Amino acid sequence: MRLTGFFIFAASVALLPVLFPDNYFVTVVGIAAGLHVILAVGLNLLIGYAGQISLGHAAFFGMGAYASAILTTRFDWPGLLAMLVGLLVTGTIAWLLAQPILRLRGHYLAMATLGFGVIVHVILVQATHWTGGPDGLGEIPALSLLGWIVDDDQRWYGVIAAAMLLSIWLSLNLVDSRIGRALRAVRGSEFAAEMMGIDATRAKTQIFVVSALFAAFAGSLFAHQQAFISPDSFSLMISVELVTMVVLGGIASTFGAACGAIALTLLHESLVVFEDYELLIHGALLMAVMIFLPQGLFVGLTQGVRRRWISRIASRQDMKGERNSTVQQ
Amino acid sequence: MTHSSILLAVEALEQSFGGVMALAGVSFQTPENLIYAIIGPNGAGKTTLFNVLCGFYQPTAGHLRFDGQELRGLPSHRIAALGIARTFQNLQLFFNMTVLENVMVGCHLRGRTSLLAAALRLPKVRHEERRLRQWAGEALELCELSSHAERSAGALPYGLMKRVEIARALAAKPRLLLLDEPAAGLNDTETMALRDLLSRIRAAGVTILLVEHHMPLVMSVSDRLLVLDYGSVLAEGAPAEIQANPRVIAAYLGGAVQYAI
Ligand SMILES: Nc1ncnc2c1ncn2[C@@H]1O[C@H](COP(=O)(O)OP(=O)(O)OP(=O)(O)O)[C@@H](O)[C@H]1O
Ligand SMILES: [Mg+2]
Chain A
2 MRLTGFFIFA ASVALLPVLF PDNYFVTVVG IAAGLHVILA VGLNLLIGYA GQISLGHAAF
62 FGMGAYASAI LTTRFDWPGL LAMLVGLLVT GTIAWLLAQP ILRLRGHYLA MATLGFGVIV
122 HVILVQATHW TGGPDGLGEI PALSLLGWIV DDDQRWYGVI AAAMLLSIWL SLNLVDSRIG
182 RALRAVRGSE FAAEMMGIDA TRAKTQIFVV SALFAAFAGS LFAHQQAFIS PDSFSLMISV
242 ELVTMVVLGG IASTFGAACG AIALTLLHES LVVFEDYELL IHGALLMAVM IFLPQGLFVG
302 LTQGVRRRWI SRIASRQDMK GERNSTVQQ
Chain B
642 MTHSSILLAV EALEQSFGGV MALAGVSFQT PENLIYAIIG PNGAGKTTLF NVLCGFYQPT
702 AGHLRFDGQE LRGLPSHRIA ALGIARTFQN LQLFFNMTVL ENVMVGCHLR GRTSLLAAAL
762 RLPKVRHEER RLRQWAGEAL ELCELSSHAE RSAGALPYGL MKRVEIARAL AAKPRLLLLD
822 EPAAGLNDTE TMALRDLLSR IRAAGVTILL VEHHMPLVMS VSDRLLVLDY GSVLAEGAPA
882 EIQANPRVIA AYLGGAVQYA I
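From first to last, the protein sequence lines stand for chains A and B.
The numbering of the first sequence is this note's numbering, which starts it at 2 and goes up by one.
The numbering of the second sequence is this note's numbering, which starts it at 642 and goes up by one.
Next comes chain B alone, as it looks inside the complex:
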């Protein structure tokens, strides 16, 4: 780990909502090209961390550096343009579009078409449409969704909707992918498929921040873990270290660790 470069560095991050300290000075560093899991009980501040990271909230204090660049103060679309994509704990699919169109929106940053060119449908627009379609198709294929491309996103079963969100995020070709509870609501088969998908994504060179409650999945797929509790870091380390950490066992994991082992 000491050899790989740091992709994301979070320093003394604080986020308070009125009286609630959702993040009370969180610091950690995510090396490139691995799956970095963030776990913790409900209300620990995991989703809040993602929301701060992607510019939805402005942090009360602290720093966020992505590949050396400060993210704090940037609007969400600028952060996305730097190479960060995400999925959402409560689905945020575009229900008014097909699966393919959803994923093509994910390709937005890879396109150049301006409003005027689009309205006149210049030849270069047609070329770009074809390319976007192809890129979206690749993301769908990686997520094993090709056969659902033309379906309306709103008509899919829940498990597939979650996968479309991943495909949409991947279509942007991000360097860092934030996944907020991708296994929630999935059955065992779907969870196994998800584990394979996560490994494929990592193999493609994308760094993943994984927020997840499903311990067997987390322990088997992640390279490092961060444990949050009441907005603070409880522990950080490799899965084996975390499973052996008495503070983690006492505060949170308990039986789940045994189960995972």
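Only chain A is shown next, with the shape it has when bound in the complex:
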């Protein structure tokens, strides 16, 4: 069935806290991983399916986070309303940005999005009056969902798991639809896609905005969950890490992106002891994956297993066939 993988994944996410109750690692790392999954799945729609690169995605993550933080702390807005306005603002900015930017290709697009990410980061640092500058913004109130206050790690795990599953579900639906096929067509051959009546510019613009919305959604949750944010969480380094997650897991696969996000989060957690070498190990791992599993961890491994499976079944059938033919003789 179409959503089998999704239900298996959802069940594992739901079972984890039951199997390991009150486990700090599960909840805290789970929360971080969940947010990364939302970011990576959204970015994968753009990179993996539309074939467009964004090296400034942390900027959209930051916009969602700061919109929520500023509106709830300075204007006492309710969290959900702030989140909605944050999404609206980020979506609009992404749409405006897409107009000139998506006309560019390849390296130029990478440079343009990178530039955008840097500019947003500088604004977050410099606009001290609004953002608190490098010191960040604190005392962001807990998120309240129709009266239910999300204020401990267990609850956050539940909320972020639900948000993560929602984004995976949305992504799976999108990919396997008229819109998703149009995107993949644009990636395959823009010229041919146009001749099938697909407005390539429009398709790319739409998915750029969607991908920014996924990031802003994650940002808003992140702000409430952390209760404190600073520009460090939205730097160029983070943008690069997000791209790494998508590539690491396997491009053009929703679960690939999700696995990449989880793998990289776990790696970070286990590398804190080697803090000084983190970047080094991170880089070496990425190189190893690129060399040995160029399609990414998830896609590479699942395909490998499937191929071995098929060849084993095939060889078994061959043996049967031989036996039959000897009998016939």
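Keep in mind the hints are simulated off the structure, nothing from the lab.
Accuracy of the hints is not assured; some may be wrong.
[As the list claims (entries may be wrong)] Listing some non-contacts, in silico: residues in chain B with all C-beta distances to chain A over 12 Å:
#, residue
1, S646
2, M662
3, E673
4, S717
5, H718
6, N737
7, E742
8, R762
9, E769
10, A790
11, A825
12, E877
13, A879
[What the hints assert, rightly or not] Each pair of labels, with its calculated beta carbon distance range:
#, chain 1, residue 1, chain 2, residue 2, range
14, A, P295, B, L757, 52 to 58 Å
15, B, L761, A, F21, 29 to 35 Å
16, B, L757, A, V19, 32 to 38 Å
17, A, V123, B, G800, 54 to 60 Å
18, B, L675, A, P295, 31 to 37 Å
19, A, L302, B, R771, 45 to 51 Å
20, A, A143, B, L723, 32 to 38 Å
21, B, L761, A, F26, 50 to 56 Å
22, A, P101, B, N674, 41 to 47 Å
23, B, L761, A, P22, 33 to 39 Å
24, A, D152, B, F736, 29 to 35 Å
25, B, G800, A, L302, 32 to 38 Å
26, B, G800, A, G6, 33 to 39 Å
Treat the numbers as computed from the prediction; the structure is a model and nothing was measured.
Positions of the beta carbon are idealized from the N, C-alpha and C atoms, including for glycine.
With the hints as your guide, set chain B with the ligands onto chain A.
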């Protein structure tokens, strides 16, 4: 021919690339519901004509009218929406998709699903998916590709890839189909199958512009021919007229005509 209406009218079309005049004032009219072949030696401007027709190049001068509407200046996807579909001389399949998915992309214009509806997978989206699948299936069947539907487009042999391109173009239910050298690289059996396919497509009411070098195929299947040479029209007429035209024989066809007859 005088009775059938004109589907495509090209007037004094010019396309230059720097110093090269790829099309130097080409005019012709294609009546509806027939196979109209465009032949000419390598570099005559046939592919360029297709590329101008479908909005990939903006012509230097001239007009293109499809069912009375000016095509010049329209982006490719708008031209496609008017009912023009095409295949490509150098394959432009979506190798990252299955055969069925490729052909379903061909159905793009016949679907309505918006991004939001798709993301939420509303019930109407499921209905439309089923319909698109069915339409794509019909196009595959017409092209005798049903058994290859689930294969990856990139894993097919060349001859089948070319046929998938035709199926993909047909899935759009076009009024005008542009085929750029569909027989190139095919063996004799495949070419015969192609001839039958072209006749079936014409019978379904689709007008075909056929660019092709394979003379036996062209002469047996087309209703009218246009001969291009160095970007200009050398001759236009029914196959018999073209085969008898001394200018065509001298400039281009030569032995090929004899062979075809
Ligand atoms: N994009 C381009 N830039 C410059 N010159 C071009 C371009 N496209 C085509 N030409 C030139 O225009 C002329 C016509 O080329 P075209 O591809 O239309 O020929 P053709 O009739 O399709 O030939 P063939 O039978 O080999 O496919 C050639 O001289 C070609 O070099
Ligand atoms: Mg050509």
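Review point. Which earlier hints can't be squared with this structure?
Key: 4, 5, 6, 7, 8, 9, 14, 18, 19, 20, 21, 24
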